[in-house]
Amino acid sequence: MSDSQASAAETFSADQVRHLATLSRVGMTPQEVEGFRAELASILSHIQALAAVDTEGVPPTANGADLLNVQAEDDARPSLPVEAVLANAPQREADYFRVQAVLDSS
Amino acid sequence: MTTTTVARTETSWETVIGLEVHTQLRTASKMFCRCPADYAAAAPNTYVCPLCLGMPGTLPVINRTAVEWTIRTALALNMRIPELSKFDRKNYPYPDLMKGYQISQYDMPLSEGGWMDVEIDDLGRQRIGITRVHLEEDTARLLHRENEAGERFSLVDVNRSGVPLMEIVSEPDMRSPQQARQYLVQLRQILRYLGVSTADMEKGSFRCDANISLRRPGDEALGAKVEIKNMNSFRSVQRALEFEQLRQAAALEAGETIAQETRGWDEEAQVTVSQRSKEAAHDYRYFPEPDLPPLQTAAETVEAIRAALPELPAARRARFEADYGLQPFEAGLLTEEPAPAAWFERAVASLGDDVPAGLPRGIATWFVGELTRLMHDAKPPDTLETIVVQPAQLAGLVQLIDAGTISNTQAKDVFAEMYASGEDAEAVVERLGVSQISGEDALAPIIRQVLEEHAQAAEDYRGGKAEALKFLVGQTMRLSRGQANPAQASELLRAALDDTAE
Ligand SMILES: [Zn+2]
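Chains as they are written, first to last, in the working numbering: chain R, -5 to 100; chain D, 95 to 596.
Fair warning: there could be bad hints in the mix.
Below, in silico cross-link-like pairs of lysine to any residue (SDA-like), each with a Cα-Cα straight-line distance of 20 Å or less [as the list claims (entries may be wrong)]: (1) D:K180 / R:T55; (2) D:K184 / R:T55; (3) D:K193 / R:A83; (4) D:K506 / D:D496; (5) D:K180 / R:A59.
Pair by pair, the computed Cβ-Cβ distance ranges are [to be verified]: (6) D:A402 / R:G29: 55 to 65 Å; (7) D:T477 / R:A95: 33 to 43 Å; (8) R:H13 / D:P150: 21 to 31 Å; (9) D:R310 / R:L62: 42 to 52 Å; (10) R:R71 / D:P150: 15 to 25 Å; (11) D:S515 / R:L62: 51 to 61 Å; (12) D:E405 / R:A95: 43 to 53 Å; (13) R:A8 / D:Q390: 40 to 50 Å; (14) R:A95 / D:A137: 19 to 29 Å; (15) D:D294 / R:A95: 24 to 34 Å; (16) D:P150 / R:Q25: 24 to 34 Å; (17) D:R310 / R:P84: 50 to 60 Å.
Note that these hints are calculated values from the structure, not bench results. Keep in mind the model is a prediction, meaning the values are calculated, not measured. Where a beta carbon is used, it is the ideal one built from N, C-alpha and C, also for glycine.
Could you build all of it, start to finish, from the sequences and the hints given here?
Below you can see the structure in the form of structure tokens.
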């Protein structure tokens, strides 16, 4: 483990891992939390390499490809047959996807 | 005397309300795929493609019309259109999101910083700031079920997922539930004038969440704000806000602190209920949508869209009052929706260029009166699209009244016939043989006959019995088979009686 990886791991807390797990609706054991702490830190430090690039005078962008205004005309076309739509449904009821009860908190 | 007044003012609270509206655009296709967007009558899961399902390998493409209509709406709300805009992913796991995120706009919306003037009769005009109007996609529809075994589950219909959804966020500029309701009424009106949304709250194409807090008058800082959801009509928005206003005031008076939370409106119980959320603070981890290049809107494009804006409700209302001499309530009723205003103006236009003053007002009176009543009383109720009577025909009827050919009372019967058959006013008048006998020449022989046949009543009147005149007018009406103008008959009778008295 390099120095930068070690320092990133220190700044990536167990609480942050647990928070991400909660947001992603993933259960985690304490051992897994520690494991992901190290793994995520290693990923972060990898990305940190980008910080070495000199971006002085380069305007910020959110877009990797040099494209603008890619749009389609508003013409409706036929959708999939309902059998194809539901082909991968883990659970199905009539022509609906069936899922676990969700408490209405939206 | 002022002491108690001041004391009461000091303990009162100022209400601060902001509204967040989501309204579906009535485009032909969805926001990022070309599945049909008009899902209302579609069988479940029939307007769905791999993109709607969030399948790997699919790529979204922005609906050009949805962008244009959002800019059109933004301009009608006096917003600024930044040159650059982009879409972002709003991440949250919920079964109404097939992808696990919603494509929305975070820090570079299509428009920012506008306003709308909200008008309430007794409060006057208030300018309400609008923070932003942006574009996103609607989510799938969830149906909550319970089977005979008591097992609870949810059903997902993906048809609604991906329908273009415009979010309109106001500043916390409203000060009363009534004003909040009026803001919604006017906003819906503008959306319908622009033709971009059906904006039907009961059908779910127009939804509203409200933020409300209280503070001491004069305070700059806002109190803890409560978000209210689940309101399905303008009336329920007002009721929910009124309830919340009282609840918060009572809590504050009792020295309690208001919890910053989300509450749901319970229509049945007419109360707001705390919705305990598992996630205390939302953490949507917004990031730029990598599959969608940014949008650049040229100033010329903005100006072209602005130039094509239709006349908006407030301007039309003012014009109807000024040009046609309508009362504010008549102008308000006629301009509530685009269709009645257009119908009315077609009627006025049929009168030609030199419209006699008073005729447009007459048409308006008949429109908001008899026509509206007949449409409402029909079973099922009629609309302007279903009725057979045409604008020019109503104008023709009003012309006959104005010329004194028929009385107002006769016109009601004539119009009922026109409404049923679609005939012109003249044709009905001829067919029914109704026409007002006015003018001295036409009435004189009838008056003479009445006075001859009822000499006793004439004598009574001359002897000072005023009510005898009413009887004579009635006889004149009878003899003319209802075609006399009662006011004129009364006048001519009195003149004849006074003459012979001398
Ligand atoms: Zn689709």
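Could one say that the CB atoms of R:H13 and D:P150 fall in the range 21 to 31 Å? holds, 27 Å
Looking only at beta-carbon atoms, does the pair R:R71, D:P150 fall within the given range of 15 to 25 Å? Holds, since R:R71 and D:P150 (Cβ atoms, about 21 Å apart) stay within the stated range.
Is it true that the C-beta distance of D:S515 to R:L62 lies inside 51 to 61 Å, as the hint says? holds, 60 Å
Between D:E405 and R:A95, does the beta-carbon spacing fit 43 to 53 Å? Once the Cβ atoms are compared, 49 Å apart, the range 43 to 53 Å for R:A95 and D:E405 holds.
Do the alpha carbons of D:K180 and R:A59 lie within 20 Å of each other, as the hint requires? holds, 14 Å
C-beta pair D:R310, R:L62: status relative to the range 42 to 52 Å that was hinted: This hint holds: roughly 49 Å between Cβ atoms.
In this structure, is the beta-carbon distance linking D:A402 and R:G29 contained in 55 to 65 Å? holds, 59 Å
Check the hint pairing D:K506 with D:D496 against an upper bound of 20 Å on the C-alpha distance. Given pair D:K506, D:D496 holds - Cα atoms ~14 Å apart, limit 20 Å.
Consistency of beta-carbon spacing, R:P84 to D:R310, with hint 50 to 60 Å: holds, 54 Å
Could you see if the CB distance from R:A95 to D:A137 stays within 19 to 29 Å? With a Cβ separation near 24 Å, R:A95 and D:A137 satisfy 19 to 29 Å, so the hint holds.
The hint says 24 to 34 Å between D:P150 and R:Q25; measuring C-beta to C-beta, is that right? Hint holds: Cβ distance 30 Å, inside 24 to 34 Å.
CA of D:K184 to CA of R:T55, is that 20 Å or under? Answer holds: D:K184 to R:T55 is near 18 Å, not above 20 Å.
Hint check: no violations occur; every hint is consistent with the structure.
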